[in-house]
Amino acid sequence: MCLAVPGKVVSLEGDGTGKVDYLGTTVLANLSLLPEVKVGDWVIVHAGFAISRLDRTEARRTLKLFKELEKLNLSD
Amino acid sequence: MTPKKKSPELFAEWRSGSTVRNLLKTISGEIIAIKRPIRIMEVCGTHTMTLHRAGLKPLLREAGVEMVSGPGCPVCITPDYYHEAIINLVTSQKNILAATFGDMTRVPTARGSLQTTVPFPGSEIKIVYSPEEALELAGKNPGKEVIFFGAGFETTIPAIAHTVKKAAEKKLTNFSLLAALWLIPPAIEAILKSGEVAIDGFIYPGHVSAVIGQKAYTFVAEKFGVPGAIAGFEPADVLLGVLSVSRQIRNGRPEVSNEYRRVVRTDGNPLALTLMAEMLQPFAADWRGLGRIQNSGLKLKPAWKEYDATTRFDLKLKPSRSHISGCRCGDVLKGLIGPLDCPLFARACNPDHPLGPCMVSYEGACLIEYKYSSGEKKK
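Residue numbers (the numbering used here), protein chains in the order written: chain D, 1 to 76; chain W, 1001 to 1379.
Be careful, since some hints might not be right.
Stated by the list, open to error - Quick look at which bits of chain D chain W covers, simulated, 3 or more residues with Cβ under 8 Å:
hint	segment
1	3-16
2	22-33
3	40-49
Said to hold, decoys possible - If you anchor each label on the Cβ, the simulated ranges turn out as follows:
hint	chain 1	residue 1	chain 2	residue 2	range
4	W	Asn1095	D	Gly24	37 to 43 Å
5	D	Val5	W	Lys1316	37 to 43 Å
6	W	Lys1170	D	Asn73	55 to 61 Å
7	W	Gly1112	D	Arg56	47 to 53 Å
8	W	Lys1140	D	Thr26	20 to 26 Å
9	D	Gly24	W	Lys1223	42 to 48 Å
10	D	Gly24	W	Lys1126	26 to 32 Å
11	W	Leu1340	D	Lys64	36 to 42 Å
12	D	Gly14	W	Thr1266	27 to 33 Å
13	W	Leu1336	D	Val5	30 to 36 Å
Quick caveat, the hints were computed from the structure, so don't treat them as lab data.
Computed from a predicted model, the values in this text were never measured in an experiment.
Virtual Cβ for every residue (Gly too), placed ideally from N, Cα, C.
So here's chain W without its partners, still in its complex pose (with noise of 0.2 Å):
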């Protein structure tokens, strides 16, 4: 290490050839005393994209590592009867500012997307980076009815929650919420009780931990013997994940091991949850691809109500009938298939044109894919 790296302890040796070779050769080794190739389920799409853009995918495969990717988009597996309801509004009323993530606004549904529908005179669509931001936007606009369109995991969960309390603080009563908030460990149980995709492990993602801590999984080791790792989204910390598993395997042991310590507590954020636990409670949710689960999701309790979008403008949350015809997102979040195997892929779907939330969401299976595979489909 030379002193001109400013701590490179922090990220610089995750990315180093060298540690990603060795960690290779000993996942290599792991696999040679398991005696055949194994599975493993990345959930996060952030990891996804670590594996494309290290090009660590076909180097696992050669070692006898087969990855798959799971559900980890938020964007992703928010169905599309949300968008359809926040449409309808922003084009029905006016006065409605619907504020949300980048990519939420380019999911196509049968309705359009919130970046290609036109607003009622009055109303219009805005992008935040943070529900903050969505927050000041309700007190610069005093005239406006703001609705923070929020979809994510328990990593941008406390985030949306401390952002509603403090619009109940600031007592700015033009602001509300329309929650598609998602949890990870009710997604892991349902695509291990569906049986349909053969899973040896799995890698959590690293920053849902963060916050949620380590024995949420606890259940995927002790009542599924499936074995698991907390990992990180360096190229190496991927890459420990793997060897854990595969470790795992090999002794037969599974657990939940924790290879992204210098983040993951093994409570997660105490704060974090409290909050989560003091404001929201959970639903059966329906998600793209894996259906309705038991208590996935998050919805504003009912003390909260004044700021939940679907009680202040009545909004109809139910499953719609339409949906974009052939595309197979919800086989990919569920790792049933690859991008490469949708007849859409690269043809008819692609970044400029999504057919489907995999294709629009920086986290989505295929736009990674189409980022960063070789092109074979490409043309």
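Extracted from the complex, chain D is given alone in its bound form (with noise of 0.2 Å):
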């Protein structure tokens, strides 16, 4: 199953984990994955595993779509 709700990276325990927030409860998440990843950045995780960091602009981005259809469908 899924985990569709990305989690905030709190802190990396330097062994490949770190212990990643979703809104308040606090998991150890293994990064070894993506080593790229920083205190911050938001994952998703599945099956204990981080396998991607949000790319936040790229959210922006689909935001503002969200925004152009709105005002595509108020001229209709």
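Quick one: dock chain against chain with the hints and give me the complex.
Right under this line is the structure:
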């Protein structure tokens, strides 16, 4: 089962793992498949492993698209 | 956006009612231009969950989009004989510790389930949340043979491969893997080749794609001319995927669009892919419902055979003749029927007494339908 919500990396433990916070709940995740991850990054964790880092610029781009759709639908 | 919200751009807006309404309206416009209703398969069980939980299925149907669930539930597609092999082992030998994910223990077979079976004295069955937890059990129980019965797609496979590698690094000789590892692109190809289900397009799984990348599906557009979109798991994510597929149909230009760019990169996760290629090799695997598909399963390469439970315990992984009569999980996984079309659904088969894995797994179409449907069959 995929967990849709990203978590925020709050600490790096030095052994390839890090603590990931889900709005208050912290879990230990293995970060070895994403060695570039830093504290403050948002990640997708699956079966205990972080598999992808969230790209916030892309997230904002999609949000802009939502706004454009809103304008289009209002002008109909 | 209010400053109080923590990083709302990362999920809150993807659940907003007005965004969902705008997307539905735009999709509806595309369907009007196409001049016929369309059918899209959501390959992944978590997408099925989003569609039901957010109430999107009837709204999409109204717009002219029929969503069909696909084979994206690893627990569901794992054949009974994998379960029977581990059940046989844990009931016949001492000092076996079988570790697996929770829903795997509830899958009913002709030999019962891991949950109902009585282990041999000194053996036991444990639920774990990650493969690494199974490895920890091996470290803590040196007198036991710990077998991790791991089912998963490309999302989970790197975690499992990494864990086997770690076992080797730690020289833990009492850890092995019963691999039920399945690959999504060959299954999609099998569905297209069978031609049993009319599908106008696919919503590709978001997190499988985070590992394998966008190019893995190119053949669907190029060889089969079928549109598709990678989507995330929030309601607006799934609708963005549906919108993209609708546009591709209207334009007559099938492609693999990535509507989950905040998570999925074109090339996926290269480290995860390298690890998979280093340790695992493809074979012709059996899928419940879909049958045997070339190169659709992964198993440990011979170099790692001491960590392979099938060689270590001489497990017989052969199709068994026994199956639960009447269960149509296989047809549900192919998209041939919906859960409501199965005569057992919500009658003999329900979450308290599942007759097949589609009613067991959290990603199973039958369990999801049972949880979120209006209850016309739930009496």
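Can you list which hints this structure breaks, lowest number first? none
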